[in-house]
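Kindly generate the complete structure, drawing on both the sequences and the hints.
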Amino acid sequence: MSNLDTLKKELVDTVKAANDISALEEVRVTALGKKGKVTGMMKTLGSLGPEERKEMGQALNKLKSEISAEIDSRASILKEQALNARLKDEKIDVTLSPRPEMSGTIHPITKTVEEISAIFAEMGFAVAEGPEIEDEFHNFTALNFPEEHPARQMHDTFYLPDVEGKTGDEAKRLLRTHTSTVQVHVMQNQKPPLRVIVPGRVYRDDYDMTHTPMFHQIEGLLVDKEINMGHLKGCLVEFCKRFFEVDELPTRFRPSFFPFTEPSAEMDIGCSRAGGEFKIGAGEGWMEILGCGMVHPNVLKNCGIDPNEYQGFAFGLGVERVAMLKYGIPDLRTFFESDIRWLKHYGFGPMEDV
Amino acid sequence: MKFSLSWLKEYLDTEASLEEISIKLTAIGLEIEDIEDRAKAMEGFVVGHVVAAEKHPDADKLQCLVVDTGTEKLNVVCGAPNAKKGMKGVFAPVGSYIPGLDVVLKKGNIRGKDSFGMMCSEKELLLSDSHEGVIELPEEAPIGVAAAKILGLDDPIIEINLTPNRGDCAGIYGVARDLAAAGLGTLKPLKEEVVKGIFENPVSISLSNKDACPHFIGRYIKGVKNEPSPQWLQDRLRSIGQNPISTLVDITNYFTIAFNRPLHVFDADKLSGNIDVRFARSGEKLAALDDQEYDLSDGMIAICDDSGVIGLGGIIGGTSTAVDENTKNVYLECAYFDPTTIAKTGQKLKIESDARYRFERGIDPAFSDKGAEMATAMILDLCGGTASENFVAGKAPDITHTISYKPEIFEKISGYVIEELRQKEILESLGFELSGWDIKTPSWRHDLDGTPDIVEELLRIDGYDNIPATPFLRAPDQALVVKDLLQQRVIDTRRLLATRGLSETITYSFMESDKSDLFGVNDNGYKESLTLVNPISADFAVMRPSLLPNLIDAVGRNIDRGYPDISLFEVGGVYKTPEHDGQLTVAAGLRSGNFEARHWSQEARAADVMDVKADVVAILKTCGLNTDSLQISTDAPHWYHPGRSGVIRLGKTVIAYFGEIHPSILSTLKRDENYLGFEVFLDHLPKSKKKSTTKPLLKPSLFQPLSRDFAFLVNIDVEAEKLARAIKGVDKNLITEVEIFDVYTGKGVDDGKKSVALAVTLQPVKKTMTDEEITTLSTKIIESVEKKTGGVLRG
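Chains F and E, in that order, give the protein sequences. The opening position of the first sequence corresponds to residue 916 in my numbering, with each subsequent residue numbered one higher. The opening position of the second sequence corresponds to residue 8 in my numbering, with each subsequent residue numbered one higher.
If you are wondering where the hints come from, they were derived from the structure by calculation, not from laboratory data. Just so you know, even glycine gets a beta-carbon here, dropped at the ideal spot from N, CA and C. Among these hints, one or two may not hold up.
[As the list claims (entries may be wrong)] Per the computed footprint, the stretches of chain F lying under chain E, defined by three or more beta-carbons under 8 Å from a beta-carbon of chain E, are:
1) 949 to 958
2) 980 to 986
3) 1002 to 1016
4) 1030 to 1038
5) 1056 to 1069
[Claimed, not checked] Calculated lysine-lysine pairs in the BS3-like style (CA-CA distance at most 30 Å, straight line):
6) Lys1081(F) / Lys357(E)
7) Lys949(F) / Lys924(F)
8) Lys1194(F) / Lys31(E)
9) Lys1216(F) / Lys419(E)
10) Lys1259(F) / Lys447(E)
11) Lys419(E) / Lys1106(F)
12) Lys754(E) / Lys620(E)
13) Lys91(E) / Lys113(E)
14) Lys1156(F) / Lys113(E)
15) Lys1081(F) / Lys534(E)
16) Lys156(E) / Lys9(E)
17) Lys431(E) / Lys1140(F)
18) Lys1106(F) / Lys694(E)
19) Lys9(E) / Lys80(E)
20) Lys628(E) / Lys1259(F)
21) Lys490(E) / Lys1140(F)
22) Lys677(E) / Lys729(E)
23) Lys1156(F) / Lys490(E)
24) Lys1259(F) / Lys754(E)
25) Lys31(E) / Lys1156(F)
26) Lys1241(F) / Lys1156(F)
27) Lys419(E) / Lys1241(F)
28) Lys1140(F) / Lys447(E)
29) Lys292(E) / Lys357(E)
30) Lys677(E) / Lys1259(F)
31) Lys357(E) / Lys1216(F)
32) Lys949(F) / Lys994(F)
33) Lys413(E) / Lys1140(F)
34) Lys979(F) / Lys958(F)
35) Lys351(E) / Lys1081(F)
36) Lys490(E) / Lys1216(F)
37) Lys583(E) / Lys620(E)
38) Lys413(E) / Lys1106(F)
39) Lys351(E) / Lys1216(F)
Structure below.
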């Protein structure tokens, strides 16, 4: 038996001496491989007597599993050592910048239009659009602007050459001065009840600190049977609260004049200029926000809708203006300058929710 | 429209404060634009009497004053050389704000002497730049009263924003009438004045066009003196920013502002013969009072005498008959002109005058008689002389009409109730005449046509605040609103491009003429009809035929600011024709500089055509198109590089262009950088064919896909896509992907040839493929490529 003890000791020592996995593998082959020492002794069992064979067999099996366990435990130590050594070498400077990713922005006008559209969509208004090159009929006449009236002149219209072969207000081509033109298209092409909002570019011949020759409006139109100014007020008050995200928002309606609405109103929201800082909400001041009114019966008539059966309301607001108020953008003209610093600063990430 | 508070109060008997008046004006639709209240800024500043003045013991240039403020006597240290005992000046007590110094006055101690306020100079009160000394007030100024009053600054100037329908409030009397109706006082009746003519009017008037000028009252006043007008009249006019000229002219201006009754005065000695009012004839000219000469034409109202045109009726007078300081005899004109005729003439000749402003909005035709009498009386009063009889040509038109109204309609429109009695009361206070509920409009209102106008009148006087805010929701039976396909595609495209690193911009829809030529504005002959008649500047002259030129300018400006790597996009209209359907919605992008920035992990890589092609493909994919087999050709329009650009079509319809911008265009635009652009025509994209939301069933293969690489030598002009198609065509079920992973020319490849390497992915469906089957397929692939492209497998 001492033979086996000696072998065991010898083998265990070799296992312990193995310094890496490949050396350990060699030890396994030397000890337990086909031609290994333990295997070799197993092969001699056949020459032993039954008793002795049984005894020796058990002893050899025990030795085999002991050595095997030694090797396994040595292996796990060596693997851990190897891993530790690898981890020690494998190091990156995590303060380095990651690979650059390109990120663009969405223009504040787009964001504002999407926000406004979403609020009105919940109130049942679909988005309608229309052409920017228009004629006097759609821009003025159908909207009850009397010919040559100062109200027409106040629009500072850009004109294009007259349409050949046409006369009157359909011959006069122009860039629409307001999105109200689309009211006419919608009423001519759809049957009431109607609920639409119309975002889009409009054009006026004016260029200074607070005017650009192109800007954006959103028009709203509702035509139905039982609609009065109370609904108009309710709708717009709700809109302003949600758009400006101010719960306690004072609002004020006051008389105004638009040829295509009667009665007409302008809506102001409360604001404060205390300490030179402009803030929307309760305060000492008022800020004009939009124009609105009940659709003039003449407009309904001009568009083929019976004003005795239907009435409705319309409103319009300047997109740049409300974007400037909501997002604190100081200068109108910068909206169209394409300055990448401005676009990145005032723009919105593509995934930002509306 | 500007007026002073005291002028308003000449016609309105009211106890209301300035603040009450201004709130009410806005509430009734006469929106306050500005209030200049100089008295408010000088609150607390009083007339101070210097009762003692001694030299400061420790400062040569200072004096120690004792100022009587009416309530107490205070020590004041003063540096003004003109301060002396006995004078009266403007005293500002401790705590008051000195606008010229932008400080709030504190109790001071100057070299050992306490000072409890200051005596002010004009500069310190922002009255002028004069800082020579303190203001010296007249001796009789009562001690302790508000200094603003003594300085004549206690009359606030109110400016209202007059909407074009309210011509009646272009006169102060009209504003007073509206305020009185709104319960803010009582309208003072105008004096009934009739000046009896004491000689026959030597100048007759004939009206040749009674539609344009239906009523004309003329009056000859002889023996007048046209000196500077009295101080009170000059002050009135100055308070609203008008310069006094002479008594006669000032009287006409006074009537314009006060009563919305423009008048004209001719020097009667410069008139030849009688007056005829007719349409001008083309070729006639008028040397007008604004020192301009105008070419007249038919449709303009000419006031003529035997010498020709002497005035443009309702707009401006002529110099040939103008009154001056030597005028002895004057002819007064008080007429009514048709608003539309005046507006047309004013617009044509671009004359902005106080008369035009009022006549084109419509004055009160029924006031002409009275206005003429009042003006005559005022001329006699201020200039002396005697008046002729009136010469009245035509008669005042009646612009009133009767509206059949039903009081219950008020609630239907406004959403709340005003009692009938109150409705009646409001309407009568506004000058309506009621006979039952037949309502006759006042002669001064041109803006009232029907029931909604009556409702608005009631509302604005009762107050818009009374309209309830009725909760407003989606109609109960209405489906949720969804965007239409194009709207959704526009939104998706914008977000997609932003995630791809392009920033959205918005540029003007019009552009410079020469630049528009470069981008095909006249390719279909529409340039002229897309060119503005009245552009604001040459930069904004022609409706853009493409989004690219503005984007090139925009990117270029950013490069010039020091940002060389720029990618911008815009989604917006381009204008192919001026017709309603000529406007297309285009998504366009432009990249310049590096696509991949220099970084420790990688080399910089400049943007190239494939980057913008990828943008286009991504848009098409987002819009629901199958982009696996796009029909790409190389016939992009002339603003693209002919060899580095592509066109994508669906059938015959162009859906996108992409490529490098043509170098000669860039050199015309003076840009040195490389620009890669694309244009996608969103409204040309087909509707999605999907009819249902269900996706086809996924049938994943049980077998692994395998990949084989091939390299072919082909002629250099063979398009790579052709090879890929040749390979795919061999077995469309088995070959699921063909990816070009290398294109090579140079060493080892003959001139005129290129090597194209492709990875072919095979996806067995029924069983794994044997080597033999793979070999057979490979042979077919090689044969197909050779047949369709002339390519040979590289050995």
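Taking the hints in turn, this is what the structure says about them:
| no. | hint | in the structure |
| --- | --- | --- |
| 1 | 949 to 958 | violated (count 0) |
| 2 | 980 to 986 | violated (count 0) |
| 3 | 1002 to 1016 | holds (count 5) |
| 4 | 1030 to 1038 | holds (count 3) |
| 5 | 1056 to 1069 | holds (count 8) |
| 6 | Lys1081(F) / Lys357(E) | holds, 27 Å |
| 7 | Lys949(F) / Lys924(F) | holds, 20 Å |
| 8 | Lys1194(F) / Lys31(E) | holds, 25 Å |
| 9 | Lys1216(F) / Lys419(E) | holds, 19 Å |
| 10 | Lys1259(F) / Lys447(E) | violated, 60 Å |
| 11 | Lys419(E) / Lys1106(F) | holds, 22 Å |
| 12 | Lys754(E) / Lys620(E) | holds, 29 Å |
| 13 | Lys91(E) / Lys113(E) | holds, 23 Å |
| 14 | Lys1156(F) / Lys113(E) | violated, 44 Å |
| 15 | Lys1081(F) / Lys534(E) | holds, 19 Å |
| 16 | Lys156(E) / Lys9(E) | holds, 21 Å |
| 17 | Lys431(E) / Lys1140(F) | holds, 27 Å |
| 18 | Lys1106(F) / Lys694(E) | holds, 25 Å |
| 19 | Lys9(E) / Lys80(E) | violated, 41 Å |
| 20 | Lys628(E) / Lys1259(F) | holds, 26 Å |
| 21 | Lys490(E) / Lys1140(F) | holds, 25 Å |
| 22 | Lys677(E) / Lys729(E) | violated, 38 Å |
| 23 | Lys1156(F) / Lys490(E) | holds, 24 Å |
| 24 | Lys1259(F) / Lys754(E) | violated, 46 Å |
| 25 | Lys31(E) / Lys1156(F) | holds, 26 Å |
| 26 | Lys1241(F) / Lys1156(F) | holds, 12 Å |
| 27 | Lys419(E) / Lys1241(F) | violated, 35 Å |
| 28 | Lys1140(F) / Lys447(E) | holds, 29 Å |
| 29 | Lys292(E) / Lys357(E) | holds, 15 Å |
| 30 | Lys677(E) / Lys1259(F) | holds, 26 Å |
| 31 | Lys357(E) / Lys1216(F) | violated, 34 Å |
| 32 | Lys949(F) / Lys994(F) | holds, 25 Å |
| 33 | Lys413(E) / Lys1140(F) | holds, 18 Å |
| 34 | Lys979(F) / Lys958(F) | holds, 13 Å |
| 35 | Lys351(E) / Lys1081(F) | holds, 21 Å |
| 36 | Lys490(E) / Lys1216(F) | holds, 29 Å |
| 37 | Lys583(E) / Lys620(E) | holds, 24 Å |
| 38 | Lys413(E) / Lys1106(F) | holds, 28 Å |
| 39 | Lys351(E) / Lys1216(F) | holds, 27 Å |
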